[in-house]
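Residue strings, one per chain:
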Amino acid sequence: MNEQMLDIVDIRKSYRVGPTEVNVLKGINLAVARGELLAIIGPSGSGKSTLMHMLGLLEKPDSGLYSIDGTRVTYDDDRALSALRNRKIGFVFQQYHLLPKLTALENVGVPLTYRGMAADEIRKRSRTYLAKVDIEYRADHRPNEMSGGQQQRVAIARALVGQPAIILADEPTGALDQKTGEEIMELFRRLNREDGITIVIITHNPALACQCGRAVKIIDGMIYSA
Amino acid sequence: MNLLRVNFNEAFRSLWGARQRSLLALIGIVIGIGSVIAMVSIGTIVQQESIRQFKDMGVDIVTIRRGFSESTAAPFRADVIARLPQEKPLISEVAPYVNSGGDYYRGRAKITLEQMGVTAAFFSINKLAAAQGRLLSDLDANRYCCVVGAELAGFLRQNGMPEPVGGRITVNDRAYTIVGVLAPSAEGGLRPFGINRGMLAPLATAQRSFPNADINTILARVAPNTPIERLKAEVSDYFAKKSRGAQVEITSAEELIERMKKQMQMFSLLLGAIGSIALIVGGIGVMNVMLISVTERRSEIGLRRALGAQRGDIQSQFLIESVILCLVGGLIGIVLGTGVAFGFARLSQWQFVMSYTSVMLGFGVSTLVGVFCGFYPARTASRLDPIKALRS
Chain F
1 MNEQMLDIVD
11 IRKSYRVGPT
21 EVNVLKGINL
31 AVARGELLAI
41 IGPSGSGKST
51 LMHMLGLLEK
61 PDSGLYSIDG
71 TRVTYDDDRA
81 LSALRNRKIG
91 FVFQQYHLLP
101 KLTALENVGV
111 PLTYRGMAAD
121 EIRKRSRTYL
131 AKVDIEYRAD
141 HRPNEMSGGQ
151 QQRVAIARAL
161 VGQPAIILAD
171 EPTGALDQKT
181 GEEIMELFRR
191 LNREDGITIV
201 IITHNPALAC
211 QCGRAVKIID
221 GMIYSA
Chain G
1 MNLLRVNFNE
11 AFRSLWGARQ
21 RSLLALIGIV
31 IGIGSVIAMV
41 SIGTIVQQES
51 IRQFKDMGVD
61 IVTIRRGFSE
71 STAAPFRADV
81 IARLPQEKPL
91 ISEVAPYVNS
101 GGDYYRGRAK
111 ITLEQMGVTA
121 AFFSINKLAA
131 AQGRLLSDLD
141 ANRYCCVVGA
151 ELAGFLRQNG
161 MPEPVGGRIT
171 VNDRAYTIVG
181 VLAPSAEGGL
191 RPFGINRGML
201 APLATAQRSF
211 PNADINTILA
221 RVAPNTPIER
231 LKAEVSDYFA
241 KKSRGAQVEI
251 TSAEELIERM
261 KKQMQMFSLL
271 LGAIGSIALI
281 VGGIGVMNVM
291 LISVTERRSE
301 IGLRRALGAQ
311 RGDIQSQFLI
321 ESVILCLVGG
331 LIGIVLGTGV
341 AFGFARLSQW
351 QFVMSYTSVM
361 LGFGVSTLVG
371 VFCGFYPART
381 ASRLDPIKAL
391 RS
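Top line first, the protein sequences correspond to chains F and G.
With my numbering, the residue at position 70 of the first sequence is 70, and numbering never jumps.
With my numbering, the residue at position 204 of the second sequence is 204, and numbering never jumps.
These are calculated hints, taken from the structure and not from any lab test.
Computed from a predicted structure; not experimentally measured.
Treat the hints loosely; a few may be bogus.
Unchecked claim - Partial pick of chain F residues on the chain G-facing surface, computed with a CB cut under 8 Å: (1) 59; (2) 61; (3) 82; (4) 85; (5) 86; (6) 99.
As the list claims (entries may be wrong) - Examples of chain G residues toward chain F, derived with CB under 7 Å: (7) 185; (8) 186; (9) 386.
Cβ atoms here follow ideal geometry from the backbone N, Cα and C, with glycine treated the same way.
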């Protein structure tokens, strides 16, 4: 058992915008322990989206080391990287990103299809996780038949279904009203508390950060403890 | 395996979701595959039909033609020809004939008739039967009598000779008594041209009275299983000796069929190529639809990548979609193309043959078009940057 779930060392990333080079991440060091509920707060333009994509293996850093659940990440093989993303990361997005033509149950099962799992097994597991986030009664509904909060619950079930090492939530309450947002935050806290799931929430909202075990700030591409 | 099935379901759902667009792409493929199938099938039908005309007459027939390269060569002599079956047992029957065309008038009505001088064997070799009256026999030699082809008989009936048998027609100032009317016969094969419009008189009569009475062609029946090379050698030898070095050209039905098959294959290929143009246009339609589909589903692609789909998974998802589109289109196209070929055969009263090669071709080609035209859009989809795709 590795105690460090995520470990990033001196990660740097810059983009070329026209003639100028923009340094977005300027040497980030961050460790997330197993079972931690961490908030990363930062204003827009601080580099938090880039950091989130980096953590989610969607973006390759220019330099630095990244280990997830004891595995060093290498970026040159798409198959290996996709498999790692599939098994270690559970994404929750601000806009939910459910597939509109699939039911809630089918949406939850999508990550498992990429593991070549049998259809029956996928349905069984998907149902379990829908139940875990209290939305099983919507299993056969399509996203456009559900409220924002309900959709976000389905999205969380989809993030959990693959039993990943970590849940990465990008502004998970950003599109919800305050009450629903609080319910979603409560759900995250419960999952963290009861199931020991490691969760990283990225937000610009300092109020959310107060509800997490630990918070760090990202300002202008650098991490500061809050 | 499950992923494949999921991809299949997904492909159907996506095609159904954009059904108007899918339908348009489908029509393109249907027309493309349909025209290839129709063209190739019609080619096959034409080929079968012309071969059937040959076989109708029997494949044991050859024509012996006077070589024109030898300017000094005399025309065939009737008595030399008549002895050929006795001297060369490979030949079982000979039918020399003369023919010349000309206009024939009854009142103001005109028909281009074919004057032919024939022997009794001509009727058996050409499988000609009498519809009315009788055929000519060798006892008719030198008599001014004739049998007329079906079309000529029809012309006579319409122009003042309701009952041709027993009537007389005058050609080149000679009057011939009509003794029989032939049943209609199909053109083609080794059968001389124009029998239906023919006025067939005994050969001996024809040689005395026709303007062009040289025997240039002989039809002959060959004994079964005769090697054509041996036949050619023996017959050439016979005429070289008997007719002072006369050269002959021998053509067998089998050779002609072979030659024709080759020509027909070229013809089918040409038709197929014409159909392929429609197919290419249809394929471009599919590619277009797939590209639109990729653009519309950028965020889905990004999401799937984030959830762990490999590039290959995304690529196969879109490839399957395009192959399904093309296969469904191909299936309809095959049915439609075969239907067109069937209609064509019906209209021209030819025998319809189902061309299985063209059906296989249709399936193969539509799969190929699906893969080919889906490949670029699918590749584009798989190469999308997940982050950019997610944001759109």
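Structure-based check of all given hints:
1. Checking residue 59/F against chain G by beta carbon gives a least distance of about 6 Å; that is within 8 Å, so the hint holds.
2. For residue 61/F, the suggested interface contact is broken, since its CB lies about 13 Å from the closest CB of chain G, more than 8 Å.
3. Interface hint at residue 82/F: satisfied, since its Cβ lies 4 Å from the closest Cβ of chain G, which is below the 8 Å cut-off.
4. A hinted interface residue such as residue 85/F counts as satisfied when its beta carbon comes closer than 8 Å to some beta carbon of chain G; here the least separation is about 5 Å, so the hint holds.
5. With a least beta-carbon distance of about 2 Å to chain G, the hint placing residue 86/F at the interface is held under the 8 Å criterion.
6. Restraint check, residue 99/F versus chain G: the minimum CB separation of about 6 Å is within 8 Å; hint holds.
7. Taking 7 Å as the C-beta cut-off, the interface hint given for residue 185/G is violated, the closest approach to chain F being about 66 Å.
8. This hint is violated: residue 186/G has a C-beta 60 Å from the nearest C-beta of chain F, more than the 7 Å allowed.
9. Checking residue 386/G against chain F by beta carbon gives a least distance of about 5 Å; that is within 7 Å, so the hint holds.
Violated hints, listed in ascending order, are 2, 7, 8; each of the other numbered hints is respected by the structure.
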